[in-house]
Amino acid sequence: MSRKEVHQMAVGTTESGGPGPGVATTESSVKPDFGGAGSALKIDAGATLSGPRIDFGAVKATAEAGNRVDALKLIASNPTGGLENNQQGAADTSSTVSSPEEPTVVQQADAPLVEATEPGVVGEATQATKDAVAAQTSQENLKDNPFVAAQDRADATLANAHGTDGTQKVEVPAPRDPATDGRPTAEQVVPTQDAGGDIAEQDARNARKRDLEARNPRDLSVDEIRELNTLRQDPETRRNERLAELESKWAKGELTDPKEQTELAQLYGNEAENIQSNPEDRMDTLQRRVNELDNDLMQKLAEGNMSPEDIVKLTDEMQQLQAEFDGIKNGFSPEDARSMVQEIISKQSKGRERKIAAAEKVQADIQKLMQLELEMLKLPKRGDQLKEEQAKAKKDAAAAHAESKRHKRGTQEHMQAYQEELNALSRLNNINVQVVQLKTDAWMLRAEQHNIESRVRLKTGVTGGLSGFLERAGGMADLALTTIGSLTVDTVKYDFSAY
Amino acid sequence: MADPALQQIVENIEGDLIDAIVKNVDAQRMNEAQARTLAREFLALLPIEDKHQLLEKLGKFSKLHVEAKSLFLKYGAPIEDEERKQKLDLMSQHIQNGQIEHALNVAKGGTSNGSGNN
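In the order they appear, the protein sequences are chains V and A.
In terms of my numbering, the first sequence opens at residue 1 and continues consecutively.
In terms of my numbering, the second sequence opens at residue 1001 and continues consecutively.
It is worth saying that the hints were derived from the structure and are not from the lab.
Any given hint could be a false lead.
Rough simulated footprint, nothing fancy, chain V against chain A, three-plus residues with beta-carbon under 8 Å [stated by the list, open to error]: (1) 1011–1017; (2) 1020–1031; (3) 1041–1049; (4) 1092–1102.
Far from chain A by the CB rule (all over 12 Å, computed), these chain V residues [claimed, not checked]: (5) Arg53; (6) Glu201; (7) Asp211; (8) Arg218; (9) Asp223; (10) Arg239; (11) Ser248; (12) Asp336; (13) Lys355; (14) Asp384; (15) Gln385; (16) Lys405.
All C-beta atoms in this analysis are idealised placements derived from N, C-alpha and C, irrespective of residue type, glycine included.
Produce the entire structure from the sequences given, and follow the hints as far as they go.
Right, here's the structure in full:
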């Protein structure tokens, strides 16, 4: 069916000839059937009917059968109304169709389409990390766990040294238990040691700290100052630093001292004790920690108070925690998830310098993004200003034109009005040029922002807050672009008849 | 309308419009004359050749009819986002290649002049 035929069929009574503002009613008690919808059109007494009612039952049935256009035609048609004002209806309709000069982007000023997405969107790294975690789950990988190899070496060394050179006799750990896949438990790793040993050590540390603090700081050597700083650290920080140091050595294959190997195993053993065994609790803890790091990262970025090393450290830690979270979510126990992440960490440690160099560029990009965001946010205000100037210029031109018609041609008043109209039109023309320039600038700024966003995402594999920051910035920029897009170039049709 | 995806979108819009009309008439937020006008004017927009045309026509339609605003938000927004993204990607490529003039031309192509007022 051609469009013309659709028009002819669809056009019914015009609004002027149709039912009044109230609901069209009938005095009969027949109510349309909505096909089991359970509701019916309410009947208002007193209103008059100019044609048959729309059969909404048939409309619904037709729509449900898949013939939606026919259903719309049923609504639109009014067989007894005839084809009144058909041409007018068509003309009215066609006047609403786009004219070539309409802006290509149509936008409701009061209904912004683009909303900034919520922060906390996990970036692409999570999927890659998930895959990496999943890939590590094979039995072969667990068997080849380098930690297990180190543990075995430590075991062998301890067994050989027992009783021969006066070192403390230690229990030889039990053979690797397949159930635990070689991962040591606290009982296997921690040497038998009386509980007083830790306390004595702590007392010694405190005493040393007091001694150093009692002395004049200017008299302390550099090593003593370092020692004092270390002593002042809380045990958790000390432990973590020592663990990082030993892991780094192990990753480079430099962990050959049996005492250090034992210490590493001990630290891992303690770590195993500290890990929450309940997966849900562990996931909650991990998620909380990731959110804390997110907020920390975003705050420091916003303040410009972060070095590239800090960026790398924070994003690495976030990615590791997220990887552990994903591991548990995919069904692994907290302990297994952690050990798999540790493996990944050791493989990533060698690229650290490269990461820091990349982070420097990322930092510059993020600052540039913030600047661009501010520029974009200023544009809608400029757009509003231009709109007001446009309206004023048009009004002035119209007023001058009307004034010129009041006076006889050739008189001074007439020429003056003519001149004023020309000035107003010239002003309007300038404003139109600025509108076009503003729109172009908005697009260029947005494109530049888009480029930088892509670069940052590629380099950092953003997760969490940084991704949220980028999404938000992009969303705000798109909103500004949409607002600017609604600006139009106003023209005035010049009427020469007055002159 | 060759694109099946576009055809599907239009069918969905038609279905949603019918639902909106039925609900509004049922709730007396619209009388039957208004329903006829709404249906008639929507039918006059058909056929729709491409997504850009859909965006334009639906946008104008929603300006005239409050009931169509939600349709525009639901169906027009993703299309507009897609167009914007395509344009930005194209401009980005030009900027990365140092072809600023090309990028400007693309930008200007999206900022065509507005309608002439009397």
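Run the C-beta distances from Lys355 (chain V) to all of chain A and say if the shortest one exceeds 12 Å. Correct as stated: the minimum Cβ-Cβ distance to chain A is 24 Å, above 12 Å.
Classify the label on Asp211 (chain V) as holds or violated, using whether its beta-carbon is more than 12 Å from each beta-carbon of chain A. 62 Å, holds
Within the assertion that chain V covers the stretch 1041–1049 of chain A, do at least three residues meet a Cβ-to-Cβ distance smaller than 8 Å? As far as the stretch 1041–1049 of chain A goes, the hint holds, because 7 residues have Cβ atoms under 8 Å from chain V.
Given as covered by chain V, does the stretch 1020–1031 of chain A meet the bar of three residues or more with CB within less than 8 Å? Coverage by chain V holds here, the residue count being 6 at a Cβ distance below 8 Å.
Does the no-contact call for Arg239 (chain V) survive, Cβ to all of chain A over 12 Å? Fine: 47 Å to the nearest Cβ keeps Arg239 (chain V) off the interface.
Under a C-beta cut-off of less than 8 Å, do 3 or more residues of the stretch 1011–1017 of chain A approach chain V closely enough to confirm the stated coverage? holds (count 4)
Assertion that Asp384 (chain V) lies outside the chain A interface [Cβ separation over 12 Å]: 16 Å, holds
Is the nearest CB of chain A more than 12 Å from the CB of Asp223 (chain V)? 52 Å, holds
Separation of Gln385 (chain V) from chain A, once the least beta-carbon distance is taken, above 12 Å: Correct as stated: the minimum Cβ-Cβ distance to chain A is 17 Å, above 12 Å.
Please check whether the stretch 1092–1102 of chain A has three or more residues whose CB lies within less than 8 Å of a CB on chain V. Our answer is that it holds, as 3 residues pass the Cβ test (under 8 Å) against chain V, meeting three.
Least C-beta distance from Arg218 (chain V) to chain A larger than 12 Å: It holds; Arg218 (chain V) is separated from chain A by about 57 Å at its closest Cβ, greater than 12 Å.
Lys405 (chain V) and chain A, when compared Cβ to Cβ, separated by more than 12 Å: 15 Å, holds
In this structure, only the earlier hint numbered 5 is contradicted, and the remaining ones agree with it.
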